[in-house]
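The listed protein sequences correspond, in order, to chains A and B.
Each residue of the first sequence is one higher than the last, beginning at 0 in numbering that gives the first Met the number 0.
Each residue of the second sequence is one higher than the last, beginning at 0 in numbering that gives the first Met the number 0.
Hints listed in this document are in silico derivations from the structure and should not be mistaken for laboratory results.
From the three backbone atoms N, C-alpha and C, an ideal C-beta is built for every residue, glycine too.
Wrong hints could be hidden among the right ones.
[Unchecked claim] Part of the chain A face toward chain B, derived, beta carbon under 7 Å: (1) Ser24; (2) Met26; (3) Leu78.
[Claimed, not checked] Which bits of chain A does chain B cover? Going by a derived footprint, with three or more residues having C-beta under 8 Å, they are: (4) 6 to 18; (5) 34 to 43; (6) 137 to 146.
Number of protein chains: 2
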Amino acid sequence: MDPELAIEPLTAERFAAFGDVIALSEMPDFVINQGYCNRFHDLARLESLGAGARLGISLFQSQRRTSPYMLDMMERHPLGSQAFLPMSMDPFLVTVAPDEGGRPGRPLAFMTAPGQGVNYHAGTWHGVLTALQGPGLFAVIDRVAGAGENLEEYWFETPYSVAWS
Amino acid sequence: MDPELAIEPLTAERFAAFGDVIALSEMPDFVINQGYCNRFHDLARLESLGAGARLGISLFQSQRRTSPYMLDMMERHPLGSQAFLPMSMDPFLVTVAPDEGGRPGRPLAFMTAPGQGVNYHAGTWHGVLTALQGPGLFAVIDRVAGAGENLEEYWFETPYSVAWS
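Let the sequences and hints guide you as you build the complete structure.
Next up, the structure:
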């Protein structure tokens with residue numbers, strides 16, 4: 000097993016099996032506010048499952064990670080999606096993995112462009128939030144209440160490493 | 000009627016009648032990710048009313064407004080809340096008004112601190128998004144589908160003005 004993960008740019012196509020890229024596109028869906036504002040509409044599939052489940056807005060304030068990042072754990076939320084929206088124009092690192100029989104397979108690593116966010120679909124294996132620069136402030140849209148266990152973690156025997164410059 | 004609105008700093012107390020201030024506070028609700036991340040949990044009252052109603056994540060890309068800003072129209076969404084989360088660390092102008100018999104009363108003007116967002120409660124009169132600097136990029140969490148008319152506008156005979164330096 001090669002423990003080094005190459006980083007790719009984040010694109011909707013490459014990320015489609017894991018979730019949504021929340022980003023501007025060439026054409027807005029609506030032009031609003033007397034022409035002053037473009038609206039790019041309904042960009043994420045939000046999920047919140049189980050009795051009493053509810054979506055909410057939270058803030059995450061994260062320390063910055065340095066290169067090389069050792070990816071030793073991935074987690075998933077079977078009962079809800081989870082969106083990360085950066086509140087500064089800084090790229091961040093996104094790691095996801097396909098499920099292989101109830102545990103993460105070989106992860107993929109993506110670097111966002113400034114202004115891109117992501118939404119992990121329910122059940123997608125992902126690494127924890129990895130801010131690389133800036134204030135590390137993110138708005139998170141996820142399931143904030145509801146019955147049932149919504150967190151599953153998997154620790155790798157040998158961590159993967161992700162390096163950037 | 001004094002057409003000039005003074006600008007106040009945005010605080011949760013002053014904004015409580017209109018919506019939620021989405022911002023860090025002194026104590027996180029949870030410390031997560033092996034101590035690397037503070038979570039400030041469930042900061043906004045999200046509302047999405049009517050048959051088939053659903054919340055979503057959209058992006059707004061707004062032109063910047065210059066001082067003095069002429070506030071000539073306010074709007075409200077009777078069937079849903081609307082949250083604005085800046086995706087850059089730039090302040091923006093927030094205008095709201097109490098309802099007076101089905102139309103906006105005298106507006107209040109607030110300047111956000113960097114990293115603050117707002118969530119207008121359903122039915123709150125507010126001015127349109129007014130970005131003042133930076134890329135003008137915002138994530139918006141609001142009702143993206145559902146039956147019923149969710150927009151009401153009111154045009155002032157005499158606009159209010161809001162000036163900053």
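Tested hints:
Against a cut-off of 7 Å between C-beta atoms, the interface hint on Ser24/A is violated, since the closest Cβ of chain B lies about 9 Å away. Of the supplied interface hints, the one on Met26/A is violated, with its beta-carbon coming no nearer than about 12 Å to a beta-carbon of chain B, more than 7 Å. For Leu78/A, the interface hint is violated, the least distance from its beta-carbon to any beta-carbon of chain B being 16 Å, above 7 Å. Only residues whose C-beta sits within less than 8 Å of a C-beta in chain B count toward coverage, and the stretch 6 to 18 of chain A has 0 of them, not enough to reach three; the restraint is violated.
Only residues whose beta carbon comes within less than 8 Å of a beta carbon in chain B count, and the stretch 34 to 43 of chain A has 9; three or more means the coverage holds. For a cut-off of 8 Å, the count of residues in the stretch 137 to 146 of chain A with a CB near a CB of chain B stands at 5, and the three-residue condition holds.
The earlier numbered hints that this structure contradicts are 1, 2, 3 and 4.
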